[in-house]
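With these hints in hand, go ahead and build the complete structure from the sequences.
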Amino acid sequence: MKSLRKYLDKIKPNFQPGGKFQKFRSTFDAFETFLFVPNHVTKKGSHIRDYIDLKRTMSIVVMALMPALLFGMWNVGYQHYLSVGQTVTFLEQFWFGFIAVFPIVVVAYVSGLSVEFIFAQIRGHEVNEGFLVSGMLIPLIMPVDTPLWMIAVATIFAVIFGKEVFGGTGMNIFNPALLARAFVFFAYPAKITGDFIWIEGLSDKSSKIVDGFSGATPLSQAANYAVDKIPSDLTLFLGNIPGSIGETSKLAILIGAAILLLSGIGNWRIMLTTVLGGLFMSLIFNLVGANPYMQISPITQLLMGGFLFGAVFMATDPVTAAQTNTGKYIYGFLVGVIAIMVRVFNPAYPEGMMLSILLMNAFAPLIDHYVVEANIKRRLKRISPIQK
Amino acid sequence: MSTASEKEPWFSKQNLKLLTNPLNWENPITVQVLGICSALAVTVQIKPAIVMALSVTVVTAFANLIISSLRNTIPARIRIIVQLVVIAALVIVVDQLLKAYVYDVSKKLSVFVGLIITNCILMGRLEAYAMANKPWKSFLDGIGNGLGYGLILVTVAFIRELTGSGKFFGMKIIPQSFYDMGYADNGLMILPPMALITIGVIIWIHRSRNKALIEK
Chain Z
1 MKSLRKYLDK IKPNFQPGGK FQKFRSTFDA FETFLFVPNH VTKKGSHIRD
51 YIDLKRTMSI VVMALMPALL FGMWNVGYQH YLSVGQTVTF LEQFWFGFIA
101 VFPIVVVAYV SGLSVEFIFA QIRGHEVNEG FLVSGMLIPL IMPVDTPLWM
151 IAVATIFAVI FGKEVFGGTG MNIFNPALLA RAFVFFAYPA KITGDFIWIE
201 GLSDKSSKIV DGFSGATPLS QAANYAVDKI PSDLTLFLGN IPGSIGETSK
251 LAILIGAAIL LLSGIGNWRI MLTTVLGGLF MSLIFNLVGA NPYMQISPIT
301 QLLMGGFLFG AVFMATDPVT AAQTNTGKYI YGFLVGVIAI MVRVFNPAYP
351 EGMMLSILLM NAFAPLIDHY VVEANIKRRL KRISPIQK
Chain S
1001 MSTASEKEPW FSKQNLKLLT NPLNWENPIT VQVLGICSAL AVTVQIKPAI
1051 VMALSVTVVT AFANLIISSL RNTIPARIRI IVQLVVIAAL VIVVDQLLKA
1101 YVYDVSKKLS VFVGLIITNC ILMGRLEAYA MANKPWKSFL DGIGNGLGYG
1151 LILVTVAFIR ELTGSGKFFG MKIIPQSFYD MGYADNGLMI LPPMALITIG
1201 VIIWIHRSRN KALIEK
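Chains as they are written, first to last, in my numbering: chain Z, 1 to 388; chain S, 1001 to 1216.
It is worth saying that the hints were derived from the structure and are not from the lab. Warning: the hint list may mix true and false statements.
Stated by the list, open to error - No more than 25 Å apart at the CA atoms, straight line, and that leaves these computed lysine-lysine pairs for BS3-like:
#, chain 1, residue 1, chain 2, residue 2
1, Z, K6, Z, K20
2, S, K1172, Z, K191
3, Z, K20, Z, K10
4, Z, K55, Z, K43
5, Z, K191, S, K1167
6, S, K1167, S, K1108
Unchecked claim - Part of the chain S face toward chain Z, derived, beta carbon under 10 Å:
#, residue
7, F1169
8, G1182
9, A1184
10, N1186
11, L1188
12, M1189
13, G1200
To be verified - If the Cβ cut is set under 7 Å, some of the chain Z residues that face chain S in the computed set are:
#, residue
14, P147
15, A187
16, P189
A quick note: this is a predicted structure, and the numbers were derived from the prediction, not measured. Each residue gets a CB set at the ideal place from its N, CA and C atoms; glycine is no exception.
As structure tokens, then:
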């Protein structure tokens, strides 16, 4: 560690203004702050500095995603060997999933970070750590069968048009990871819908599939009104079901949620109200009960698909969510309500969570605006009698 | 005054600028941001885009010519109505011609030929240029703006047709072996949002190369 620090200090002058590689200052800066705690010192006025900077925030979110990632890797292997009818050891299942999932993670990080680095170079600002989380979220919300080049194209698109166009980390309107998924969803619909893409090797016609194995996700079974085929709530909760890589195990997601809440990084208001919104809407559908999808119990609704993953990791994104506390309640509640509505009303979009979060991302500033306006009005009312 | 302009050659430097400026510095789409609606709608393939661009060019040029000839006799209060009548008449002529000679393209363009009447480029050029300049200059200005519109239209259509359906002028140019290797056409490029983003990228590149265009 010492020698690394020494080496960095030795080459640092080259990257300072006037040095040989001063053009690559931001690249150097990014690596230095990634490896070591930045030694920025407050220069003017008095500020209270906290140890919790952007890098640490992002690292904790990535840590919170680890259970979902590890479980996802195992589940990919488990589902694959289930589909071909082999019984293998736990380690073999995990290793198979690791081989399938790891390249996706690498591709998402490499393509996204290259765009970030290029833009930082051109604009001459530091590389922000914001992509650390997006790069981990993107693989977790993709089906395992998505071709790697598609992941790369989607990530590049999402980073350029979701983030850099607006000015980089902290300026974006839409969640970049969800934008990447939406891009694949609309650009290559054949690769992200249907029953064959959720399990590695199932779309390959030559592979031997066990008779009667469908590979359908609970959501697509619900959309086809095959409600009796949806696995039990416990299976949905534990997550050995087909689905996007990181979203299947609600247990792993709840562990992540606990990490986020205990460290104070995730926002409990949004998580809570999103779940309440989902429960509320599915209860209303229960009362209407016009088709089998509407009759699914609220708990099952919440456990199916990426609802919880979205509620914990996507809706709570501090940049794209509403900023005011009251706004967060409204925002979260509507995310939950709309997600269930999209699912039930439009079977062509099985996962309503993605669309509902993106939609509410667009509305978050509006919600904040009216919350702030209402607050001003309320306080003005309080002050007016004295003025008169 | 009149003698001075008579001496000016038909294709003087100033007049040529009327043709070339709209291609770059005063592009109707990327700089004036006019005519966006049709640019989003007809740019899925190159062929309809070219036909649309030609139609707009013809209509703009002749509307400019006619209005410019009439400019001293049009009462200022009803000038918009007069302009609209002229544009509408020209659009009907173009529409009928398209239906007669390129029926399939006319079908594809559907309502957008009729909507040339409300295309902002036309009204903009008539109000801003033809009402105050001589017929020949106005005619050139109309052609220039039509071509500037067409340039962006064809560029966007080229990108969208290539990435959206792997074709160029309706011919498959991405070889089958690519598809066998796992390449897939980008379905999003066929949808209008990507046209907007593509135009946005063109504006982005255009402005980053011409710093003078960046608003403060």
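Hints the structure fails to honour: 7
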